[in-house]
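Here the protein sequences line up with chains A and B, keeping their order.
Just so you know, the first sequence maps onto residues 1 to 401 in my numbering.
Just so you know, the second sequence maps onto residues 402 to 695 in my numbering.
Please note that the accuracy of each hint is not assured.
Claimed, not checked - These stretches of chain A come out as covered by chain B in the derived footprint (C-beta under 8 Å, 3 or more residues):
id: 1; region: 189-202
id: 2; region: 227-238
id: 3; region: 258-267
id: 4; region: 275-282
The hints are simulated quantities; they were obtained by calculation from the structure and are not laboratory data.
All C-beta atoms in this analysis are idealised placements derived from N, C-alpha and C, irrespective of residue type, glycine included.
What follows is each chain in one-letter form.
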Amino acid sequence: MQLKTLAIALAAALASVLSAQAALAAAEDIVIGDIDDLSGNYADVAGTGAVEAIKMAIADSGGTVLGRKVSILVADHQNKPDIGASKFREWADQNGLNLLLGGSNTGVNIAMSKVAAAKKIPFFSIGAGGASLTNEDCTAYTVHYVYDTTALANGTATTIVQNGGKTWFYLTADYAFGTQLQTAASKVVEANGGKTLGAVRVPLAASDFSSFLLQAQASGAQVLGLANAGEDFSNSLKAANEFGITKKMKPAALLAFITNIHSLGLETAQGLYLTTGFYWDLNEETRAFSKRYFAKTGKEPTMDQGGYYSATLTYLKAVKAVGSTDSDKVMAELKKTKINDMFAKGGYIRADGVMVHDMYVMQVKSPQESKYPWDYYKVLKVMKGEEAFGPITGLCPLAPK
Amino acid sequence: MTEIFGIPVAVILGQLMLGLVNGSFYAILSLGLAVIFGLMGIVNFAHGAFYALGAFAALLGLQWFGINYWAALLLAPLAVGVLGIVVERLLLRHLYKLDPLYGLLMTFGLALVIEGSLHQLFGASGHSYSVPPGLAGAFNLGFMILPIYRAWVILVSVAVCFSTWFVIERTRLGATLRAAKENAPLLQAFGVNVPLLVVATYGGGVALAALAGVLSAPVVLVSPLMGNSLVIVVFAVVVIGGMGSILGAVLSGLALGVVEGFTKVIYPEASNVVVFVVMALVLIVRPAGLFGRE
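Just chain A, with the same shape it has in the complex (with noise of 0.2 Å):
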């Protein structure tokens, strides 16, 4: 252990270096945070591409809001929720941080929430899927921006039960994110006349899949529901294909992005139903944004970049019509007023913290259906955003039923 230690150590010494530079030129500037997944599994759904499309929507709003410079500071998570808090704390105490902005794992999102309500501090959780963010562990600085678990379920299973997929049986990440999908999945199918066979608990980032697989086969269900994400979901629908179990079972990913498609490939994916908040070749604003992001990126952008995008938009503006960068002031702003750009028509936040805005319900082409570079989706409905988030449940105390 002591080799841990001593990198901990390296790390601190490392951030604490970089963290002293970011203070000194942070003392007047508006101060936008990101804390994500930029060295692990989720890297290239938000990541580095993410903080490019921050640039972006700052460079958009014309780089001063207020007559004040508008400046980003970016910290891994690592994917550990404690590096997550204590990041937020010290730029909340240090840096003078105005708006945090969340990437990927709900675990550590959840964790990140907490320090929200406790500095005060707008915090939009881009990149996690757990719909407890605005329910159990919502607060009054939480906005849940791109997609929960509740507007996924909504979204792929409620497709597939109605197309004839009754028996499901679950491959889940073995953690909040993973649970909570299930959870949602399982509402979805059993209220639309399925049923839920069984459920395997795989641990995050496991190394084989084959064996929860075979399980999955088994128990003899239609559909095999696949609520993990990242490289884990695409791992575990690669070997899917190679043991044939596609071919009995129809995958349903609970959770894809578009980078995942194009790891995985057209003649590998086709078919798949998917939900997405959010996808580059839908309209003529949403390809001329991502013509911009791909000059810089070489990558179309994901559904969590091109929310990055929206939210730092969406809270510039809201700074802008208010005067001021007061937490509260700018929550009762955000609240009121519907968000209208290249990612969202006539979006508003919700009390308990959704950001309700429409979201698609796509197939995976098939190799022979894609005619240019990153033509992987073809859309089958568009959900509205009341249909895909639900009603508020109640079990967020800011949100009365």
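Since chain A is already given, all that's left is putting chain B on it; use the hints.
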């Protein structure tokens, strides 16, 4: 259907098979580690990174130069092995006289550099490498569908492990290698080029890691962190087998793959810790490991 302890026999056979496949990867990886530790006394923490490099070498070889799987099976370990030799000459060579901890720190740092660079260059989400045409498809074993490629992995693993064991334990070259570990100055006095042996050993061990990387490329997505969690498990395997024991590394690799497979059925949540539980138990009963010399 017949059942044992409430588990259908078909499921048991299936998991046994899959456990052997995963165990084959553990065996090749732990073999490389055991060779490097047994003959050089270096705890090679960069093993997982070399494994990832092997997979990337196969992927990039295919994308950039059109090198197919069969050629990559030979060329990727060769290329990564040469890199290992460079690492040994430039970095590790200076650490032999120091506490083994320094070698561990050096290779740990090296792993971070390699994985960080791959991440920077190729992103985190991974790349697909197709199963070679000759090995596509699957056998129907009755109790399960076994992809031909997975069966191939078991075959290669057994062949590689056996030949490595044979070279080290049963040939004159192996005897010289082992002598270098026991008493290097004396061997040098007999006119044997010991530094050359050492560098070849490290290159060979690293090449084994890269070979495991090429083998796994069609099975999982090729990504920078593919060896990151694996290396810890493989270290546990080596400790269980007995640090430095070739036979121990191979047998415990295969056995732990199977143990892990069954854990995935009985209590899946524990499947990522069961290896460490076994390690703790083994260390209590036999501190030198199952095949280690006390």
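Structure-based check of each hint:
1. 189-202: holds (count 3)
2. 227-238: Since three or more residues must qualify, the claim that chain B covers the region 227-238 of chain A holds, with 5 doing so at under 8 Å.
3. 258-267: holds (count 6)
4. 275-282: n = 0 at 8 Å, threshold three: violated.
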